[in-house]
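Visitor: Top line first, the protein sequences correspond to chains A and B. Under this note's numbering, the first sequence is numbered contiguously, ending at residue 382. Under this note's numbering, the second sequence is numbered contiguously, ending at residue 692.
A portion of the hints provided could be inaccurate.
Said to hold, decoys possible - The calculated lysine to aspartate or glutamate pairs, modelled on EDC-like cross-linking and capped at a C-alpha distance of 16 Å, are: (1) B:K673 / B:E659; (2) A:K349 / A:D249; (3) A:K349 / A:E312; (4) A:K268 / A:E254; (5) A:K349 / A:D373; (6) B:K681 / B:D603; (7) B:K642 / B:E665; (8) B:K531 / A:E357; (9) A:K349 / A:D207; (10) B:K397 / B:E442; (11) B:K683 / B:E449; (12) B:K575 / A:D207; (13) B:K531 / A:E228; (14) B:K531 / A:D229; (15) B:K531 / A:D183; (16) A:K269 / A:D249; (17) B:K683 / B:E665; (18) B:K531 / A:E358.
Keep in mind the hints are simulated off the structure, nothing from the lab.
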Amino acid sequence: MDALETFIVESAIDSETAFYRQIIEDNLSSLKLGPAIGRIKVVLRPEDSLFQMAIILRDIGSKVTTLDMADVEARTGASHEVVISIKKERYIPELLKKLWDRHGKANIRQPDRWTVAVDSDNPQEEAEFIEKMIVADPRRTLHEDLVDFAIRATPEGFRVRYHLFKGKRFVFVASEEAMKKEWIEEAGAMLDELLTGGKTK
Amino acid sequence: MTSIFLPYLYTGGVHKHGLILELLEDLGGYIIQKVVTGTEVNLIMLIPEKDVHLVKELSKELLGVLLEAPLTGVEIAVVSPTLASHHLPHSACDVAEYLRHPGANTNMIGLARGMGRRVSLSMDYERKLINEHDIAVFTFGSFSDCIINKKPKLFEGIEIPIVVTGGPELKTEDVPGADIYVGGIGRVSHRLRKKEETDALDNLNEGVAKVVDRVRKQLAKDQLAVLPARVMKEIEDQIPEINRVLSPAPITMQLNGLRVKLPYDEYHERFENLEFDEGVVLSELANISRSKMKNYILIKIKSKSDVGFAI
Numbered sequence: 182m183d184a185l186e187t188f189i190v191e192s193a194i195d196s197e198t199a200f201y202r203q204i205i206e207d208n209l210s211s212l213k214l215g216p217a218i219g220r221i222k223v224v225l226r227p228e229d230s231l232f233q234m235a236i237i238l239r240d241i242g243s244k245v246t247t248l249d250m251a252d253v254e255a256r257t258g259a260s261h262e263v264v265i266s267i268k269k270e271r272y273i274p275e276l277l278k279k280l281w282d283r284h285g286k287a288n289i290r291q292p293d294r295w296t297v298a299v300d301s302d303n304p305q306e307e308a309e310f311i312e313k314m315i316v317a318d319p320r321r322t323l324h325e326d327l328v329d330f331a332i333r334a335t336p337e338g339f340r341v342r343y344h345l346f347k348g349k350r351f352v353f354v355a356s357e358e359a360m361k362k363e364w365i366e367e368a369g370a371m372l373d374e375l376l377t378g379g380k381t382k
Numbered sequence: 382m383t384s385i386f387l388p389y390l391y392t393g394g395v396h397k398h399g400l401i402l403e404l405l406e407d408l409g410g411y412i413i414q415k416v417v418t419g420t421e422v423n424l425i426m427l428i429p430e431k432d433v434h435l436v437k438e439l440s441k442e443l444l445g446v447l448l449e450a451p452l453t454g455v456e457i458a459v460v461s462p463t464l465a466s467h468h469l470p471h472s473a474c475d476v477a478e479y480l481r482h483p484g485a486n487t488n489m490i491g492l493a494r495g496m497g498r499r500v501s502l503s504m505d506y507e508r509k510l511i512n513e514h515d516i517a518v519f520t521f522g523s524f525s526d527c528i529i530n531k532k533p534k535l536f537e538g539i540e541i542p543i544v545v546t547g548g549p550e551l552k553t554e555d556v557p558g559a560d561i562y563v564g565g566i567g568r569v570s571h572r573l574r575k576k577e578e579t580d581a582l583d584n585l586n587e588g589v590a591k592v593v594d595r596v597r598k599q600l601a602k603d604q605l606a607v608l609p610a611r612v613m614k615e616i617e618d619q620i621p622e623i624n625r626v627l628s629p630a631p632i633t634m635q636l637n638g639l640r641v642k643l644p645y646d647e648y649h650e651r652f653e654n655l656e657f658d659e660g661v662v663l664s665e666l667a668n669i670s671r672s673k674m675k676n677y678i679l680i681k682i683k684s685k686s687d688v689g690f691a692i
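Same shape as in the complex, but just chain A:
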């Protein structure tokens, strides 16, 4: 599936559709969600105070451990420390945050861009732990971003919300009135339509 291979916005009035398409594009790009989304369909019914959105995601990366992004080596010579040699720079902020929480900032040095050294009394054991530590979970951040995106894109007054995130499917319904079951079903139907309607590999 390509990124954004289907992008549908529907509303009764054409000009309003264009405005909303722009809002959704802007929010997608500001949250950098474009590459993660395969197909998206949004239906607006302002007269019913209703906003429905169905999204099919592209492949989501699995959890990243330290070993996926770096080599870990325990040193027990003159200094007792664990040396982490970074291979993928992208996850450094997350890695450092985890290390700071565990060891405190004072025990962590960054002699250069590609190296992080952690002072430890028992480097061997610590290295084993750090190797298996989960640094980032793209799925979790994606979930947060998707919900954030949905809330940003929805008209602000629509505070009654329903959302479902399962596998690669994301459904969001928002309204100002009490949620109706058929609205959620309609959004589910939109999702099915996306699943079958779009191009497949």
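Dock chain B against chain A, hints included.
Guide: Then chain B, alone, in the frame of chain A:
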């Protein structure tokens, strides 16, 4: 004898701009705002109508630009349904910023519960705060159904002229309660800089200028007991503390009054006793009250028919 003043904006170098200030003083004009940014200076001023050419000549000599600034001395409330990221910084801030180009002072007001269709409402405090301004610009969204049928309830209790912006192109008469409706500025999540967007903002400025013109004409029928610009000058001369206020536009001019950014409790008596050359004090000519904005002082000047004379 009262002379007619015209609002102008001078933009030029800081070098020798004092000559403009001196000339304006000699002519009896007023400086409304002076903003120095680096080596540039912006002067918003009121020039007596018959002497405009003198200032024009001097500004040409100083290689500056003199532009008409029709919204000078107007305080505008830019009201957005809430302060959530749905409305800010775009488009509400863009609207406010654009209105400042022709000389207006703008305040942004986000209602506490202005969002939604059925649930939107405004509070008494908010309505009073909006009514302290000259004009209210309401920035609405992209759905014509909301703008026509639902949002106008936010106008209840607003006594000042109302300008409405929104996405769809609607007629002003379709939006109940609006004095002017400007389309093409709906809910957006990017900065308004495309041609059609800036065109819409230009339309907004024109619309607001028309409304201001109408208000000025109404005021001219029963003129104010004293010009707000004159009160401003007297405040600067008699209450020097105003020069130490760090807020932008410490004295904000309005069409029929002023907002002074000094605490009410400490200063209101001095304002009430502000004396004019003619021997009258300000409290005879104006109502001085506590502003709903922070603890500022709001001066609303009475009309000639109320006071019995004008100075």
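Visitor: For every hint, state whether the structure bears it out.
Guide: Results of checking the hints against the structure:
1. Under the criterion of a C-alpha separation no larger than 16 Å, the hint pairing K673 of chain B with E659 of chain B is inconsistent with the structure, at around 31 Å.
2. The straight-line distance between the Cα atoms of K349 of chain A and D249 of chain A is roughly 23 Å, outside the 16 Å bound, and the hint therefore fails.
3. Between K349 of chain A and E312 of chain A the alpha-carbon distance is near 29 Å, which puts this suggested pair outside the 16 Å criterion.
4. Using a Cα cut-off of 16 Å, the hinted pair K268 of chain A and E254 of chain A holds, with the two alpha carbons roughly 13 Å apart.
5. Among the hinted pairs, K349 of chain A with D373 of chain A is consistent with the structure: their alpha-carbon atoms are about 12 Å apart, no more than 16 Å.
6. As the CA atoms of K681 of chain B and D603 of chain B are separated by approximately 15 Å, the hinted pair is consistent with the 16 Å bound.
7. Using a Cα cut-off of 16 Å, the hinted pair K642 of chain B and E665 of chain B is violated, with the two alpha carbons roughly 21 Å apart.
8. The straight-line distance between the Cα atoms of K531 of chain B and E357 of chain A is roughly 13 Å, inside the 16 Å bound, and the hint therefore holds.
9. Our distance criterion of 16 Å between C-alpha atoms is broken by K349 of chain A and D207 of chain A, whose separation comes to about 22 Å.
10. For a cut-off of 16 Å, the pair hint linking K397 of chain B to E442 of chain B stands: about 10 Å separates their Cα positions.
11. Simply put, K683 of chain B and E449 of chain B have alpha-carbon atoms about 28 Å apart, too far for the 16 Å limit, and the pair is violated.
12. The hinted pair formed by K575 of chain B and D207 of chain A meets the criterion: a straight-line CA distance of about 14 Å does not exceed 16 Å.
13. Our distance criterion of 16 Å between C-alpha atoms is met by K531 of chain B and E228 of chain A, whose separation comes to about 10 Å.
14. Restraint check for K531 of chain B and D229 of chain A: the C-alpha separation of about 12 Å stays at or below 16 Å, so the hint holds.
15. A C-alpha spacing of about 40 Å is found between K531 of chain B and D183 of chain A, which places the hinted pair above 16 Å, so the restraint is violated.
16. Distance hint between K269 of chain A and D249 of chain A is fulfilled; the C-alpha atoms sit about 8 Å from each other, no more than 16 Å.
17. For the hint linking K683 of chain B to E665 of chain B, the alpha-carbon distance of about 9 Å falls within 16 Å, and the restraint holds.
18. Taking the CA atoms of K531 of chain B and E358 of chain A, the gap is about 14 Å. The hint holds against a cut of 16 Å.
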